[in-house]
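K.L.:
Please take these sequences and the hints and turn them into a complete structure.
Chains as they are written, first to last, in the working numbering: chain A, 1 to 296; chain B, 297 to 466; chain C, 467 to 962; chain D, 963 to 1592.
It is worth saying that the hints were derived from the structure and are not from the lab. Source: prediction; values computed, not measured. Misleading hints may appear alongside valid ones.
As the list claims (entries may be wrong) - Below are the EDC-like pairs computed for lysine to aspartate or glutamate, each with C-alpha atoms no more than 16 Å apart in a straight line:
| no. | chain 1 | residue 1 | chain 2 | residue 2 |
| --- | --- | --- | --- | --- |
| 1 | B | K306 | A | E56 |
| 2 | D | K1499 | B | E377 |
| 3 | C | K830 | D | D1063 |
| 4 | B | K306 | A | E57 |
| 5 | C | K830 | D | E1064 |
| 6 | B | K306 | B | D381 |
| 7 | C | K832 | D | D1063 |
| 8 | B | K448 | A | E57 |
| 9 | D | K1412 | D | D1056 |
| 10 | D | K1496 | A | E57 |
| 11 | C | K663 | C | D732 |
| 12 | B | K451 | A | E57 |
| 13 | B | K451 | A | E56 |
| 14 | D | K1113 | C | E822 |
| 15 | C | K901 | D | D1063 |
| 16 | D | K1499 | A | E56 |
| 17 | C | K832 | D | D1068 |
| 18 | D | K1533 | A | D273 |
| 19 | D | K1496 | A | E56 |
| 20 | D | K1499 | A | E57 |
| 21 | D | K1406 | D | D1515 |
| 22 | B | K448 | A | E56 |
| 23 | D | K1334 | D | D1413 |
| 24 | D | K1517 | D | D1504 |
| 25 | C | K832 | D | E1064 |
| 26 | D | K1499 | B | D381 |
| 27 | D | K1496 | B | D381 |
Here are the chains, one letter per residue:
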Amino acid sequence: MVIDKIFFTIITPIFAFAVGLSFMMIKLKVSARIERRYGPPIIQPIYNILKLLLKEENISHGVIFSLGPVIALAGSILTVLFIPYAGIKLFTGSGDLIALMYIMVIGSLGMALGAGESANPNASIGISRALTLMLGYDLPFVIIIISVVLYYHTTNLADIVAAQAHGHWTLWSLPLSAIVGFVVAYGALGEHPFDIITAPHEVATGPMVEYGGKHLGFLVINHAFHIYIEIALFVDLFLGGATNVLWFYVKMFAVFFIMMLFDEVYPRFKIDDAVRFFWKWPTIVALISLIIVLVK
Amino acid sequence: MDRLTEEQAKTIANMLRKRSLWMIHYCTGCGAIELPPTMTSRYDMSRFGLAPFVTPRQSDILLVTGYVNIKTLRRIITVYEQMLDPKYVIGFGSCPINGGVYWDSYSVIKRLDRYIPVDLYIAGCMPRPEAVITAFRTLMDMIDQGKADGYKRYKRNLAYYKENQRKVLG
Amino acid sequence: MVGGAHPILLIAVPLFFVFLIVFFSSFFKGIVKYLPIIAFGINLIVIYQLIPEVLGKGMVISTTAGFKPPLAIDIVVDRLSLILAAIGSVLGFLVAIYNVSYIDEEPQERYYALFTLLVTGIIWMVVTGDIFNLFVAFEVTSIAAFGLVGFHRDQGAVEAGFKYLVMGSIGGGMLLVGIIMLYAATGTLNMVDLAQKSVHLTFGQKFLAYSMIFIGLGIEGALFPLNAWLPDAHPAAPSSVSAILSGIMTTAAIYALYRLTNLMFDYKQIYTILLFFGLLTLIFGEVSAYFQQDIKRMLAYSTIGQTGLFFFAFALDSANGFQGSIMQIINHSVSKALLFLVTGGMILRIGSRKIEDFAGLGRKMKFSSFFLAIGAFSLMGLPPFFGFWSKLKIIFAALQNPNFFMVASVVIILLMSVVEGAYFFKLLQNMYFGKPAENLQISEAPAGILISFTILGLILIFISVYPTPIINLTHQVANDLMSKSYINIALRLGGL
Amino acid sequence: MNASLELLLATPFIGGLLAFIGGKVHRWIRNLIAIIFSFATAFEIIGYYNVTIKGIVWGKLFGSDLILQTNPITWLFLFIVTSASFLIVLFSIDDMRKEEDELKLDAYYMYLLFVEGAMVGIVLAGDLITFFMFWEIMSWTSYFLIIHGGKRSMAAGYKYIIMSVIGAYAMFLAMAMLYAKAHSLVYTDVANVLLHSSPAFVIWTIVLLAIGFFVKAAVMPLHTWLPDAHSEAPSPVSPLLSGVLIKMGAYGLFVVLYGLISVKLAGSLMPSVFSTPLLLYIIQWLAALSIVLATFLAIMQEDAKRLLAYSSISQIGYVVLGIATGTSLGVAGGLFHALNHAIFKGLLFLVVGAVIYRTGTRNLSELGGLIKKMPFSFVALLLGIIALAGVPPLNGFVSKWMIYEALLQKKEVFLLIMAFVGSTGAFLYVYRLVHSIFLGQLPKKYENVKDVPILMQIPIWVLALLTIVLGIMPGLAMNVIVKGMAFFGFKPIAYNLFGFPQGTAMGALTTINISAGLAIAFVVAWILFILFPKSRKVSQYDNYAAGQVVTEDLKYNYSYGFYMSFSRVIKPILKWSIERVYNYWVEAAKIFGDYYMRRIYTGNLETYNAYIVIVITLAAAFVLLGGKIW
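P.N.:
Structure below.
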């Protein structure tokens, strides 16, 4: 039992990283094909990460600058442990959905601290945008979380997954929530049109402006985790999780694939427009869904 | 891991580096006009793991596209020094080589490699995207063979470069 | 005529000293300024000796001129009178000390004579058992006060004195008319006798007389809208006199009103009317005080407000209300006198009465500022000062039978307390933390002033931290008033 | 160690007086007395841990008893008050040394201890008179502490005292009404009377009392004094105000809601919404509005202390929200959050105070990069902001989690949404704080700044440690809270040292797993990180600026208007200001009062005599009508 737990604790982050990385690989290729390009080799992200890690020289603006990516990665690893996947629920009993919401923040905090320490206004603006955007998508996000929780009468993510067994997905029972959840997860991933944070043409990749070498490598790894977290959470909440890894992966891939299509066609929001957007349509739809749950 | 000698490790590293080259293009002149076709679907340089990046910290290649005058040289040097090792410089078009059409201008730098170590020049005015891609392929080969050692030269001959820079920039 | 102390001494001794002052002034002027101290010192001793007697039996009566009441003028000291007489004597004594350092303007002998007369008249007013005698005392007090208000003889003082004179005279006249009406109806002037005989009068008869008396005493006692002389007179008078005027004189008039209302005019309707007068006085006093720039004017308006408060409590016509009222009277007398004495010293030093000129005094005159703060706190009713206990009592009394009107009144009282807090805190803030004028070189107040207000301040602190005796005493007084024991005891002790 | 409650109450007051007198001898005697007495007070409360004393009569007033009592909830607040006061006295010793006027300092320590004593009195009070008395003492003594800060603090203090007095008098009115009914103000008697009173009476009582508490606790819309007062007060006073003083409002609310009336009683008197009595529901809404609006306002601030002040309004909103839920879990969460807020807000104010001590400014756009100079302060601030933002594994998370779960159980979704948004918003402003003070570029003028003296660091570190300890072991605090709540008739909630098992709430929480997991994840990531080449430290001027060379004379730091884009989003809200409404009415009242005062006291003798005539006329009219006007 304990051995099991330790084994899965070790294996889960690796799995999450692998999934995230695979999505990054696919994304490069798919977006190239949509743009009628050939695209880079499929394992290009691995080259990138390894290259960054193996840079001969790294620079640092201070301890927190270096710790930032580490804290971000640690936060992501921790978060991954709290998300049940494919019937494996590791720490889910120690922290429920609400705890998970705030554990997810640890990673952002590390990122924000490191970026702040880089003493670059572009980084600060990026973080300012990131946090503002976070406040933006948090409103619909908490509303759908509340409606899902009230629908299943539990905040335990594993129980929520269990309740969706045999095809009783939340997607079918609460379709409006699921749609909003998709928009929120998409916004949280920072793809177009919500890539305001890193917008290379405006703020020179925002928080990452001063990062290079292994620091940047860590951030890319973290991004892989990030993709996994957002989509796995969505799958757990709305698509009924899965009983085996393959099925889980397929569901995640389906979600990610739709996201990729959106990513390719949208331009970029202004930050205040993004917040206004999140506070308008997704919030209204989420509230409608919430009221439906309450009335039921 | 410990079985690998340093030489082998370096080989592996170079192999990885040449497959993921991130480029910052310093667009001083008209040369940048040739980059969009290089990047987009017709020539698609991402096939070789090349990608445009925005800050010197993240980039491996500094692409100086066009003539360099005294004002921009200072920026080029700053950008170059902010890049992390290993880093490579490509002079794009004839201007960085000998000043090009601005060869007798009072403010234009005639030879870029007197101020920063240039690993590779792409001749022509303008070089076509094919030439650009060929240059990148050449650079990859050079990296693979360990010949692209501009950054090492810069460190070795720092006094020389600084002296030249001081002369121009004052 | 018991226990060695004769209540008549309370009046006789200071009156004698008035003559002494006039007598000495022509050839031995140096001693004049110390005579009031001796006079009120003796008064204090008399009061001290009266205390066990009064508290024990409830009343001490002495008659004069060998007649028996109701023909004779009798001096009646019950617990309520004793409290006011004690306050009067203490303030008289302390202000007499204060005068020594404070008054340097000629003609001094007239000042001291009038001053002694003023305090004597006040004490007289509270200990008399005869309604006409009350009028006499009232006039003595008023005349002395008219003179003292105009003592500085500058334009403002003369104007204020004149206003006061006119209104005070009207008041005296009205009081006299009221007394005559009563006398005509009953044929007696002794209060106890009057109380018994007036039972047979109709409400109409009584009410007309009462209105006259009310106007007369209301003018002196600063009830709205009869109090208009006060905001002019108090600032114009020397601070020592303001302390007496504010601290005890208005209160003495209110005392007389209490006494007469309680004895003869104990009607629900009257009390209801008085409630309105109390509230209006409170509102106009406090609101006006907020807008003042002149500190003494502000304190004068504040006096009006306080008067309204304790008059309101009295008009509640309940034991608790009476108790609260008397506690508030004590609080007001001590605190307001303290404030006037302290500000007198400060004005002496900085030569201005403007509040903004008080900036930074907290650093230069530490003792003065400290006692000013304490007095202000007690007036505002902040715990643990005495004003808190009295305000607590008044509010509790007002809400004894809560109805809409009472709750509304309490809301008004509390709102006015906020206003009070607003102007006092403005003053304190300016005094302690304001930026002093350039090169403000001033020292602490002179010794006499310092001693007098320090003693008064210590008294205030003492009754604040140990209010139990006063609470008990006022409780008894309130019961006396409720049960009209004045009549019963006076009858038993031969006051009639 | 079981001294009497009177002694506990008297200790700070005596200490204050002695400190004042001691200051006349030498300043170190004064400092020593202040430390000793504040420590003694904190030490005395150990004897009352989990002790319930029903009531000691310590005096009599107007025939009713004045009572002191204690129970575990009392102990919780006593703990907050006394330990915070002790730490603040410690912090003051060095921080206030720059004040040259020794007299002012003597008064400062006196008032500091008086405020502590008054708060101890409030907490120990067993009847409303005692409560109110100490409440008023607290108001004016803290007023004197606030106006220590100089010119601007005077206006702030004035606003504070006036609003406090208004609130206190609202409370006073309710007390007087209760006294009229009960003829006693002892809590138990009052509770008995309220049990048999008419609904209207009970509601009025609660409303009036709540106004008093809300002014002190700065619940919107009665909060306007707080941002000014907390930011203008001297650095050591701000944590006292924010951390402790406003908790008295929460404590009062708790006592009134659950000591004097019970939820069951309240429920029987008025309709319920989401199974909460209407009045409580309104209180919850006010609290929730405080949370959201104050958070938004805090995001906009440019002044570190003002930011924290607004944050206090928002955090006290959580406390009140929790207390007003009426369920065991929610109330426990509210009380726990009161403790937590005292800890992390105290910590944050102290750190900001330390920064002000060294740099002399609290303007966020003038600071930056201090991490290089004040690393310890940075770490402490970091812990504080993590706790404040409610991020695990620190203490703020646990109490917020309890409040969220309680609201979820009651299905109060709209309040819950607001609470969540407030928490996310908190993340914005706390990051602003750490970014603008400690991260980014170090201005040249702060090159010689160093960390604060050890005496100022001790309080900071004690509080920082507490955020961790209570974050990992919330059971320590829950022990007291649950026992105390049993005293007030709440159902016990299941908890253990490291959190809450399944069944207490809708989910479970084991804090040790989260913190251990985080620690392990961090170690793993760190090991991975140091495997790769070491990094070279570069100067802050060696920075990406699109090729531009950053020099010392260039301020290359983004710190002014940090959330400008967000302020554009919430512009419609910002246009509204409760303060402006108040000011409008106050001005109107002033003009009105001034106008009529001048019409009445004209200074004209004829007018005055006319008044006399009017009164005579009225009296005559009254007689003519036979005395029967009404």
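K.L.:
Indicate, hint by hint, whether the structure satisfies it.
P.N.:
Results of checking the hints against the structure:
Straight-line distance between C-alpha atoms of B:K306 and A:E56 comes to about 10 Å, which keeps the hinted pair within the 16 Å bound. As the CA atoms of D:K1499 and B:E377 are separated by approximately 14 Å, the hinted pair is consistent with the 16 Å bound. About 12 Å separates the Cα atoms of C:K830 and D:D1063, which keeps this hinted pair within 16 Å; it holds. Pair hint B:K306 plus A:E57 holds up; C-alpha atoms about 14 Å apart against a cutoff of 16 Å.
With a C-alpha separation of about 14 Å, the suggested pair C:K830 and D:E1064 falls inside the 16 Å cut-off, and the hint holds. Restraint check for B:K306 and B:D381: satisfied, since their Cα atoms lie roughly 13 Å apart, inside the 16 Å limit. Of the pairs offered as hints, the one joining C:K832 and D:D1063 holds, with about 13 Å between alpha carbons and a cut-off of 16 Å not exceeded. The suggested pairing of B:K448 with A:E57 holds, with an alpha-carbon distance near 12 Å, which does not exceed 16 Å.
Under the criterion of a C-alpha separation no larger than 16 Å, the hint pairing D:K1412 with D:D1056 is consistent with the structure, at around 15 Å. For the hint linking D:K1496 to A:E57, the alpha-carbon distance of about 8 Å falls within 16 Å, and the restraint holds. Straight-line distance between C-alpha atoms of C:K663 and C:D732 comes to about 14 Å, which keeps the hinted pair within the 16 Å bound. For the suggested pair B:K451 and A:E57, the alpha carbons sit about 13 Å apart, so the restraint of at most 16 Å is met.
Proximity of B:K451 to A:E56 is assessed by CA-CA distance (about 14 Å); at most 16 Å being required, the pair is judged to hold. Straight-line distance between C-alpha atoms of D:K1113 and C:E822 comes to about 14 Å, which keeps the hinted pair within the 16 Å bound. Between C:K901 and D:D1063, the direct Cα distance comes to roughly 14 Å. Compliance with the 16 Å bound is thereby established for this hinted pair. Between D:K1499 and A:E56, the direct Cα distance comes to roughly 14 Å. Compliance with the 16 Å bound is thereby established for this hinted pair.
Taken as a hint, the C:K832 and D:D1068 pair is honoured in the structure, with Cα atoms around 13 Å apart against an allowance of 16 Å. Of the pairs offered as hints, the one joining D:K1533 and A:D273 holds, with about 13 Å between alpha carbons and a cut-off of 16 Å not exceeded. Straight-line distance between C-alpha atoms of D:K1496 and A:E56 comes to about 9 Å, which keeps the hinted pair within the 16 Å bound. Of the pairs offered as hints, the one joining D:K1499 and A:E57 holds, with about 11 Å between alpha carbons and a cut-off of 16 Å not exceeded.
Our distance criterion of 16 Å between C-alpha atoms is met by D:K1406 and D:D1515, whose separation comes to about 9 Å. Between B:K448 and A:E56, the direct Cα distance comes to roughly 11 Å. Compliance with the 16 Å bound is thereby established for this hinted pair. The suggested pairing of D:K1334 with D:D1413 holds, with an alpha-carbon distance near 10 Å, which does not exceed 16 Å. The suggested pairing of D:K1517 with D:D1504 holds, with an alpha-carbon distance near 13 Å, which does not exceed 16 Å.
For a cut-off of 16 Å, the pair hint linking C:K832 to D:E1064 stands: about 13 Å separates their Cα positions. Taking the CA atoms of D:K1499 and B:D381, the gap is near 14 Å; set against the 16 Å cutoff, the hint holds. Using a Cα cut-off of 16 Å, the hinted pair D:K1496 and B:D381 holds, with the two alpha carbons roughly 13 Å apart.
Going through the hint list in order, the structure satisfies each hint without exception.
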